[in-house]
Amino acid sequence: MQSFTTHSGIVAALDRANVDTDQIIPKQFLKRIERTGFGQFLFFDWRFRADGTPEPAFELNRPEAAGASILLARRNFGCGSSREHAPWALADYGFRAVIAPTFADIFFNNCFQNGMVPIRLDEADVDELFRRVAAATAAGGQYRMHVDLRECRVADDAGFARPFTVDAFRRQCLLEGLDDIGLSLRHADQITAWEAAHGVPAAAG
Amino acid sequence: MPAPRTLLDKIWDDHVVCTPPGELPLLYIDRPLGHEVPSPQAVEGLRLAGRRVRRPEATFATPDHNVPTSDRRLPIADPVSKQQIDTLRANCREFGVRLYDLGDADQGIVHVIGPELGITQPGMTIVCGDSHTATHGALGALAFGIGTSEVEHVLATQTLRQAKPKSLEMRVDGELRLGVTAKDLVLYLIGRLSTEGGTGHVIEYTGACIRGLGMEQRMTVCNMSIEAGARAGMIAPDAVTFDYLRGRDFAPRDFDRAVAAWERLPSDPGAAYDRVQVFAAADVVPQVTWGTNPAQVTGVDAVVPDPASFADPNDRSSAERALEYMGLRGGTRIVDIPLDRVFIGSCTNSRIEDLRAAARVVQGRTVASTVRAMVVPGSGRVKRQAEEEGLDRVFREAGFDWREAGCSMCLGMNPDTLAPGERCASTSNRNFEGRQGKGGRTHLVSPAMAAAAAVTGHFVDIRGWEYR
Chain A
0 MQSFTTHSGI VAALDRANVD TDQIIPKQFL KRIERTGFGQ FLFFDWRFRA DGTPEPAFEL
60 NRPEAAGASI LLARRNFGCG SSREHAPWAL ADYGFRAVIA PTFADIFFNN CFQNGMVPIR
120 LDEADVDELF RRVAAATAAG GQYRMHVDLR ECRVADDAGF ARPFTVDAFR RQCLLEGLDD
180 IGLSLRHADQ ITAWEAAHGV PAAAG
Chain B
0 MPAPRTLLDK IWDDHVVCTP PGELPLLYID RPLGHEVPSP QAVEGLRLAG RRVRRPEATF
60 ATPDHNVPTS DRRLPIADPV SKQQIDTLRA NCREFGVRLY DLGDADQGIV HVIGPELGIT
120 QPGMTIVCGD SHTATHGALG ALAFGIGTSE VEHVLATQTL RQAKPKSLEM RVDGELRLGV
180 TAKDLVLYLI GRLSTEGGTG HVIEYTGACI RGLGMEQRMT VCNMSIEAGA RAGMIAPDAV
240 TFDYLRGRDF APRDFDRAVA AWERLPSDPG AAYDRVQVFA AADVVPQVTW GTNPAQVTGV
300 DAVVPDPASF ADPNDRSSAE RALEYMGLRG GTRIVDIPLD RVFIGSCTNS RIEDLRAAAR
360 VVQGRTVAST VRAMVVPGSG RVKRQAEEEG LDRVFREAGF DWREAGCSMC LGMNPDTLAP
420 GERCASTSNR NFEGRQGKGG RTHLVSPAMA AAAAVTGHFV DIRGWEYR
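Those sequence lines, one after another, are chains A and B.
Heads up: the first sequence at position 128 corresponds to 127 in numbering that gives the first Met the number 0, and the numbers run straight through without jumps.
Heads up: the second sequence at position 456 corresponds to 455 in numbering that gives the first Met the number 0, and the numbers run straight through without jumps.
With the rest of the complex left out, here is chain A (with noise of 0.2 Å):
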């Protein structure tokens, strides 16, 4: 699994509430069967006009969006499908870390199978994320972030800074990359021994 220690980019502002996971991969891209490649298809519908040429007005699309690597959106982000594709996108597209006020579950836990952190901040402060990224813009430039996992902290270059909190243990995996998966398999004794123990049941036929 790709590791995450810190990180240092521009961030892209997706004003938008409730943004769920049909709009972050369309299902027209679900049947690749591939983990990769999904870039290209992030946000599709929002992204691109009928005739394939970028839409101009999207919010990832605008020149203050270019080469942003942190995403910024509002309540309830990845809300809907279960389906890790959004996260795949968002990686392969670039992103490393989204901060919302709040996350829907499943798309919170896939993110960190996929070396990108959820961080959540209050409403408040996420607000006035929103309005340095619209002053930077409307100074003509870019607004940066940087998000250190080993301090579980999130600043700016103009004062901002805010702790945020992570699940240790998915912390722990991040910071060092491991598979989880074979982090669990040593504990296959005791797999064996709770099956031991409740019978399994008839797989019927």
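Hint data in this document are derived by calculation from the structure and do not stem from the laboratory.
Glycine residues also receive a C-beta, built at the ideal position from the N, C-alpha and C atoms.
There could be a bad hint or two in this list.
[To be verified] Residues from chain B shown here face chain A by an in silico Cβ test under 8 Å; the list is partial:
(1) Val16
(2) Asn65
(3) Ser69
(4) Thr86
(5) Ala89
(6) Gly146
(7) His152
(8) Thr156
(9) Gln157
(10) Asn292
(11) Asn313
(12) Gly411
(13) Met412
(14) Arg429
(15) Lys437
[Stated by the list, open to error] Below, a list of computed lysine-lysine pairs in the DSSO-like style, where the Cα atoms sit at most 30 Å apart:
(16) B:Lys437 <-> A:Lys30
(17) B:Lys9 <-> B:Lys165
(18) A:Lys30 <-> B:Lys81
(19) B:Lys81 <-> B:Lys437
(20) B:Lys9 <-> B:Lys163
Put chain B on the given structure of chain A with help from the hints.
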């Protein structure tokens, strides 16, 4: 005396294999279920690491998302869909997993065939790479959707790393009024809870209203728990559950002994939930979604809301965006919304009781000339039973398409899709932008409401329907 426990507590406690220091608990998974979309990458991961499927005999799969619902004797036209289904087939063969393949009499939507075959049982932990796995909770199981990497973890270890979710009791007192269904109830509850009100929680639905629902209606309710953000939805097993399961293919051979164990599952009196919300069934009227998430819903007797009426700025901007996408204006009466398409199907509403309810509405009438309507049964069994009861004739004679089993236009991964701008009354579970086809406009309703809309060409309040 041990502390009283909830249904969730009991299943959870029974399935924790171990909690290694500094790690998340390993939760034992009784039944991994699969379909063609999330599984190829998971199995490829196993193969690359030289791992095996730990309990192939407990694992079940069926193709449903991609499958054509037209003539099954024809080859699959879309080569990419065909490749995904071929991959599922080859993987199941290689690892010894039971597959209900295309052409198998019992193929269908995984969340329909699991309960139907008795694979789903009370007290089990069930996962699938699909958020509507919550459906199986209707039988008193803990069932939830997971991502592909987690599917791989389950296949390899028969366990999942999980923090224990919080519990939310949603108690519904009283009885539903005539013409109001489980679908209306769950849409109403999602509207009250919001699309993220259940995040981090497992919902247990309780109360007289829930007890009074049949097994298939309970599945409709639990199915949509994810649309309120919940990890899972569940209903304590009772006589309705046991009667439903008795005699099914995979039901325990010593059924009475199993029932005796299942009877100990319901939450103990006095068991504490992290949150409790109480609703009155009598408050629920037939529901219609007007926006682009399932919480954007109102009664059929109401109007499309004015975005300015929302106090929260997020809700207001979501409503503005939704109405623009849906081509609607605040103040429009729901019954004045005309429709182009009607879809009856999906893991929410494609079971025999759903089809009976829709057929009763359609009986002796015809689909409006402005509407194209289709019925897609949830499984081969549902289809056969409907045909034995003559429901297919009722639908066909009225002008509906009668299709083969699959997910179909719920998500339009197969050729069944909406064209841009087309407006559809759908018995499925998600009205997200583009869900049923790019630019398509989805209104979520019950099967009876969808059937009535097909006949009249616009929404009607089913409570005033004249049955023939």
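Identify whether the interface hint at Asn65 (chain B) stands, where standing means a beta carbon of chain A within less than 8 Å of its own.
Asn65 (chain B) check passes; min Cβ-Cβ to chain A is 7 Å, inside 8 Å.
Would you check whether Ala89 (chain B) satisfies its interface hint, that is, whether its CB is within less than 8 Å of any CB in chain A?
Constraint on Ala89 (chain B) not satisfied, violated at 11 Å.
Is the interface hint for His152 (chain B) satisfied, with its Cβ closer than 8 Å to some Cβ of chain A?
Since the shortest Cβ distance to chain A is 5 Å, the answer is holds.
Return the status of the interface hint for Asn292 (chain B): holds when the least beta-carbon distance to chain A is below 8 Å, violated otherwise.
Hint on Asn292 (chain B): holds, closest Cβ of chain A at ~5 Å, below 8 Å.
Interface hint compliance - Val16 (chain B) to chain A, C-beta minimum distance less than 8 Å:
holds, 5 Å
For the pair supplied as a hint, Lys9 (chain B) and Lys163 (chain B), is the alpha-carbon distance within the 30 Å limit?
Distance of about 12 Å is within 30 Å: holds.
With 8 Å as the cut and Cβ atoms as the points, is Thr156 (chain B) at the interface with chain A?
Hint on Thr156 (chain B): holds, closest Cβ of chain A at ~5 Å, below 8 Å.
Does the structure keep Lys30 (chain A) and Lys81 (chain B) at a Cα separation of 30 Å or less?
Between Lys30 (chain A) and Lys81 (chain B) the Cα gap is close to 9 Å, so the pair holds against 30 Å.
Hint status (Cβ of Asn313 (chain B) to nearest Cβ of chain A, threshold 8 Å)
holds, 4 Å
Would the hint linking Lys81 (chain B) and Lys437 (chain B) be met if the CA-CA limit is 30 Å?
holds, 22 Å
Mind checking the CB of Gln157 (chain B) against every CB in chain A and telling me if the closest is under 8 Å?
holds, 6 Å
Residue hint Ser69 (chain B), partner chain A, criterion CB-CB below 8 Å:
violated, 18 Å
In the structure shown, a violation is registered for the earlier hints numbered 3 and 5, in ascending order.
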